[in-house]
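Residue numbers (my numbering), protein chains in the order written: chain A, 1 to 317; chain B, 1 to 317; chain C, 1 to 260; chain D, 1 to 260.
Please keep in mind that the hints were generated in silico from the structure rather than gathered at the bench.
Wrong hints could be hidden among the right ones.
[Claimed, not checked] Below, simulated BS3-like cross-link-like pairs (lysine-lysine); rule was C-alpha separation at most 30 Å, straight line: (1) C/125 with A/86; (2) D/153 with B/166; (3) C/186 with B/14; (4) C/252 with A/156; (5) A/302 with C/252; (6) A/61 with A/3; (7) B/112 with D/158.
[Stated by the list, open to error] To be clear about the criterion: a stretch of chain A counts as covered by chain D if any three or more of its residues have a C-beta under 8 Å from a C-beta of chain D, and this derived list gives those stretches: (8) 48 to 61; (9) 133 to 143; (10) 233 to 246.
[Unchecked claim] Covered stretches of chain A, as calculated for chain C (at least 3 residues, CB under 8 Å): (11) 101 to 107; (12) 253 to 264.
Please read these numbers as outputs of a predicted model, since none were measured by experiment.
Glycine included, C-beta positions come from ideal geometry on N, C-alpha and C.
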Amino acid sequence: MMKSYEELREVIDKKNRGLRDKVMSLEDAIGLIQDGDHVASGGCHYSKTAMAAVWEMIRQKKRDITYSRSIASTEGDLLLVAGVVKRVVSSWFSPGVTWGVSRVMRHYTQNKIAEFEEWSHMSLGLRYRAGAMGIPFIPARAMMGSDLFPRLSDIKEMECPFTGEKLALIPALNPDVAIIHAQRCDAYGNVQLDGLPFMDKDIALAANKVIVTTERIVSNDQIRRAPDRTAIGFFCVDAVVEVPYGCLPHECYGQYEPAFKHMDYYVKLMMGRGPDGVKEYLDEYVYAPANWNEYIEKIGFKNILDATIEGRGIYND
Amino acid sequence: MMKSYEELREVIDKKNRGLRDKVMSLEDAIGLIQDGDHVASGGCHYSKTAMAAVWEMIRQKKRDITYSRSIASTEGDLLLVAGVVKRVVSSWFSPGVTWGVSRVMRHYTQNKIAEFEEWSHMSLGLRYRAGAMGIPFIPARAMMGSDLFPRLSDIKEMECPFTGEKLALIPALNPDVAIIHAQRCDAYGNVQLDGLPFMDKDIALAANKVIVTTERIVSNDQIRRAPDRTAIGFFCVDAVVEVPYGCLPHECYGQYEPAFKHMDYYVKLMMGRGPDGVKEYLDEYVYAPANWNEYIEKIGFKNILDATIEGRGIYND
Amino acid sequence: MTKLDYNTAELVAIMSARFLEDGKIVFGGAGMPLISCILAQKLHAPTLTILFEGGVIGPDIQIGKLPPSTNEQRAARRANMLLSITDILLLQQRGYVDYGFLGGAQIDQYGNLNSSFIGDPDNPKVRLPGTGGANDIASLASKILVAMHHEKKRFVEKVDFITTPGYLQGGTSRKDAGLLAGGIYKVITHLGIFGFEKESKRMCLETLHPGATIEEVEERTGFEMIIPDKIEYTKAPTEKELTILRELDPDKRYTTPKAE
Amino acid sequence: MTKLDYNTAELVAIMSARFLEDGKIVFGGAGMPLISCILAQKLHAPTLTILFEGGVIGPDIQIGKLPPSTNEQRAARRANMLLSITDILLLQQRGYVDYGFLGGAQIDQYGNLNSSFIGDPDNPKVRLPGTGGANDIASLASKILVAMHHEKKRFVEKVDFITTPGYLQGGTSRKDAGLLAGGIYKVITHLGIFGFEKESKRMCLETLHPGATIEEVEERTGFEMIIPDKIEYTKAPTEKELTILRELDPDKRYTTPKAE
């Protein structure tokens, strides 16, 4: 199941990693994803979700995608109901603690239409990290003894040759594509992140292709003035797309909080009518708009302004 | 040789990790180091060396210390000649490429007065990282096949249970004490670093005690305004000491470049007269001054001003 | 002394807070656990540090703006440090986290928790959202506190699925499985405080909350709870505890008992 | 065409630069390797990225302020990214580094390098400063360039100590040892360009620099160098190459041959 080191190297070897302009349209960027790919998503839960990328994946009718993320929220529902995703690899999957258990997740998994492969939060993080480091596994002291362990095909146990202790071996994950949303990024793909870093760095290095959506594209000069802030280097990035409000209705640290009213509206629809409710939502918010800006406009100016005031407010203290 | 996980946990368990004031004198901070300890040092080569800590270790006549660092420079000479260090664990040990091979290092190792245990740069980094992660090893694809490998008692090889590939297992290193120099730090030990991060974060988490010397102590409020800049958390720090110019004659990113004239002077003494030259240096620059500020004064105002202008000049672009 | 009035959720929040010592580090979840942690800080543990698994160390949570999740910027406000999720969870593996604060759909006599499946995992009645960081926290934090409403359907002999390891099959089975650190420290319900017998690792009553009875505990527990010969009682919530708790959650958003 | 005048260090710097393709990533050391990398950028590889093992990605080095080490702020000037040492070396393990640029006190017929001990490692005549990142680079970067002055005492049959793996004992021994990636690509000396025979992995002459002779190569090599039947010659340094090189190192600080 796991690729050999030589196969992994071959993929990276073929990438053009020159310091060159990678700015493109959302359509072209998502065009890099192929049916059947494993797509890993940055952020966590309803924070820093690469929502514009997810939205465009749905519009492009991607199929048989495996979707992995530290915690999947409403974007996971959308991907399932749209028929894009067959398997979700995550540690937790529902809109949010206060909104209850996703009826879509339950419908798709309980009826075996899709799979939800459950890893602990840390072990999923270590999977990306091992992938980022170019090693087949990282040992860990969690997962053992639980019923999660025997349900996973790729995890192993060993006796530590140094201490004799039992260790879980958490296997590397090298996604085909990473979709990551950034506060800022230059045209070459140098990404600078603010606030909560989630698993974004490891995901970008672990993936074979990296698509970055960003609140704004800044000059390379600006990046070079604070190179210690660069979290993801240009060399692994394949596409840079400027998408203001690219996480809505989820949040982007320092830029905007979630559009809570829209989230409440969505959750009510989803919990009330299950997949059918989500289909209605997809029609109105994903398929109907001519482009991302039209989608944002539908979320509503007041919602967005409120979210923005709260979001940037973290710098008021 | 490697401690069991339960022993490691016991040490950390005993640390007081409350959010409390840890500011103390250089004397008291270095007093936390015991004879026989393994002391790991942050920075690399002649950058961000915790020189004030090294200087005070010599004055306090520490003995039988194992000293580890990514690359050891002139501070390694001083520690050997002063009789503080018995074993250096590093990937490279000499003042700097342009200054040739340390005569002190050669004298002490060739005459078997002290040991220089050589690891590759990355594998020493992985040793600290495994220590920081609380795991006994990290697999890697370097070191194998070389003659470095069989000289090391703690490194092992295994066949990967996922891919069948051969892997080197790089053993965790949990130093007794880490000495780290920072651009700024609050009274609780929240450390923010600028520029090159070296291995400082991993060393701090791997060590059982952490002594931070810092160019300045800033308020906790200032730290909290940019928590994404905190590189080392207060919880692992045991001592905070304000020592302006605490790396001299080495450099501190964004603050000062090396005092090159003083470095040239030292190297000439060391290369010309070997350990005897260094003894003379120790008398004049380590033992004679009443305190760190007097030592700095002896390096000379013009030297320091030049180094400062160049050092902060990186922000001029 | 007049008898103070409080609901069962408030009782659990206060009892939990009492276990959090000063100078320690606690993984606070969203909701009630977070309220308990802040309560402890205000009462007896001013240098207690709260972590969130979203990557937050030592935040300064605004009363009235409690974060609904631990992975968002409200949880990060005025933190001392922000870390990647993987790194903050690894702090536990290094031994830096004293307390984990967990709940679950089910707990069993050995303290194992289930937050994955109700019914047969291969054909579940309910697929739950999953472990999040709970498996890691229970495997690695030094002392786990479990705060739950005491109900028979939740206190079961054997959980349908061990998402989050307690003492597994009891005895030495937790260590034998490779889990060398931590373990379930206390289970805090609206009826009492429960610990685990030293050898067998079976759940046992430690103290009964004022007003609760052994009968009620037994009635609401789906396995044989070990009851000591001499019953000790928990000290009732004080006026100070209740006053501060209610300042933290004035609308009782997090301290209203859920309907059974 | 008038014959251009250049010294042996300049020759090696120019020949090395020619191997660095555009769009690739190279670990540049301090000194001559760095000059070669910048020269390649100015000549044919404008989007070539330089890394330093001190943690620097894509710096903008000021002419006249070349960093004497790769671990200091001069090396970090106007970089695209700064990383920890461990992380920048791990980029190679992930496959992101195309070229490593190495030297050493000794090289042998299989391209193994020694920078640790001269003489018996247990009783060395000289203890050298050590590997630094060289072992990692030679184990993990895709293609290793070795730039050295060609001297018999440096080109030895068997290095006293393998600090930095080439093809080890030749044949498949490198892969057998677990080193699945990379390998020594070219050895560049003041006499010629050398590669490694496909099967045996023994060093072989590829092209002779203008003016150099087979005899000189053999005389200055301490093992049997494989010499092809038909000798090919390297294209001599061009005026453009020399002009730019001398702009980069006007004082010939890094491009003056060392006394043998």
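Evaluated hints:
1. C/125 with A/86: With a Cα-Cα distance of about 21 Å, the restraint between residue 125 of chain C and residue 86 of chain A holds, given a limit of 30 Å.
2. D/153 with B/166: 34 Å, violated
3. C/186 with B/14: OK: residue 186 of chain C and residue 14 of chain B at ~21 Å, within 30 Å.
4. C/252 with A/156: 45 Å, violated
5. A/302 with C/252: Holds. Residue 302 of chain A to residue 252 of chain C sits at ~28 Å (cutoff 30 Å).
6. A/61 with A/3: At roughly 27 Å apart (the allowed maximum being 30 Å), residue 3 of chain A and residue 61 of chain A satisfy the hint.
7. B/112 with D/158: Judged against 30 Å, a Cα distance of about 25 Å means the pair holds.
8. 48 to 61: Result for this restraint: violated, n = 0.
9. 133 to 143: With 3 residues close enough to chain D, the hint holds.
10. 233 to 246: holds (count 4)
11. 101 to 107: holds (count 4)
12. 253 to 264: holds (count 4)
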